[in-house]
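Q: Please build the complete structure, drawing on both the sequences and the hints.
If you read the sequence shown in our numbering, its first letter stands for residue -14, the second for the next number, and so on.
To be clear, the hints were calculated from the coordinates, so they are not data collected in a lab. Quick caveat: nothing in here was measured; it's all calculated off a predicted structure.
Restricting the straight-line Cα-Cα distance to at most 25 Å, the calculated cross-link-like pairs of lysine-lysine (BS3-like) are:
1) Lys74 with Lys175
2) Lys250 with Lys74
3) Lys175 with Lys250
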Amino acid sequence: MKALFTSVAVITILTGCQPQAPAPDILGPVPELTHGLMQGYLHGDAPLDSKQFVPPPPAEGSARQQADDAASEALRHLEGSARWDLAAKDAHLSFPSAASIFSCALGANVSEAQTPALYRLLQRSLTDLGLATYPAKTAYQRLRPFLINGEAICSPEDRETLETDGSYPSGHSAIGWGWALILSQLAPEKAEAVLARGRDYTRSRMVCNVHWMSDTEAGMAVGAAAFARLQNNALFQATMSAARSELAAGDLSVPDTGSCEEEAKVLAMSD
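A: Shown next, in the form of C-alpha cells:
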C-alpha cells in the first residue's frame, strides 16, 4: 500500500498534475439536529467559544443597565402596532418563511425553487450563527426583559421556552446580523440596504420585549465572529459561489414594490 501511494506521488510530480478534489455537493442531503434545524457547515469543527470574547452583561444598577432599561422603555409604545407585528414575524426562523426576511433589501425573492443555493446557505448558516451564542448564554444566564418588566412579548407561544433560555447574547441577532454579512458579501451593490435590514432585524428583538439592547449588540458580535469562522469552510465557500451566481442571473422574481415600501415605513417606526 505504501508503494502504491509512493508511485502515485511520483507520477503526479513528473506529470505536473495535481489531484483534483471532487466538487462539493452543496445541495445534497443534510441531517437535522432537531426538527427543522439543519446541521451547520461548522459541524465537527472546534466550537466557537463565545464566552471567551463576549464580556459579561451589564451589572444591575450600572450605567449600561440603565441604558438598556431606557432603550427597552422607549419601544414599549409599539406593542400592538404594525412594528410589533413585524417583530413577531421576524421572531420565527422556520423555513420557508425565514428565507424572505431580506427579500426587499435584496430586491429578489429568495426561495428553494428560485435560489436553491442561497436558500440552503441560509438554512445551514442559521445553525452555525445561532449555536455560537450558547457558550456565553449558558455562562451568563441573563434574565429577559419581560421577566423583569412583566409586560407582553410579541411571540407568546415562545414564552415558556424563553423563560429558561438566557437573554445574553441574542441568538436571533447573531443570525440576523450574520445573514446580513453573508448577503452583503454576495450582493455588494445592495450592502447598505441589507445591513440596514440586519440592524432592524436585531431591533425587532427589543420591540418584541424579549431582549435588551446589549443582548442584541453582543449577538451581532457573535454573528460576525461566526461569519469569520465560516470563511475557512470549503463547503460554505462553494455554496456562497453558487448563491452569488444565482443572484447575478438577473432573471429572478422580485418582491412586490408596495409591500416593500410598507415594510420600510413599518421598520422606521422603531428608529
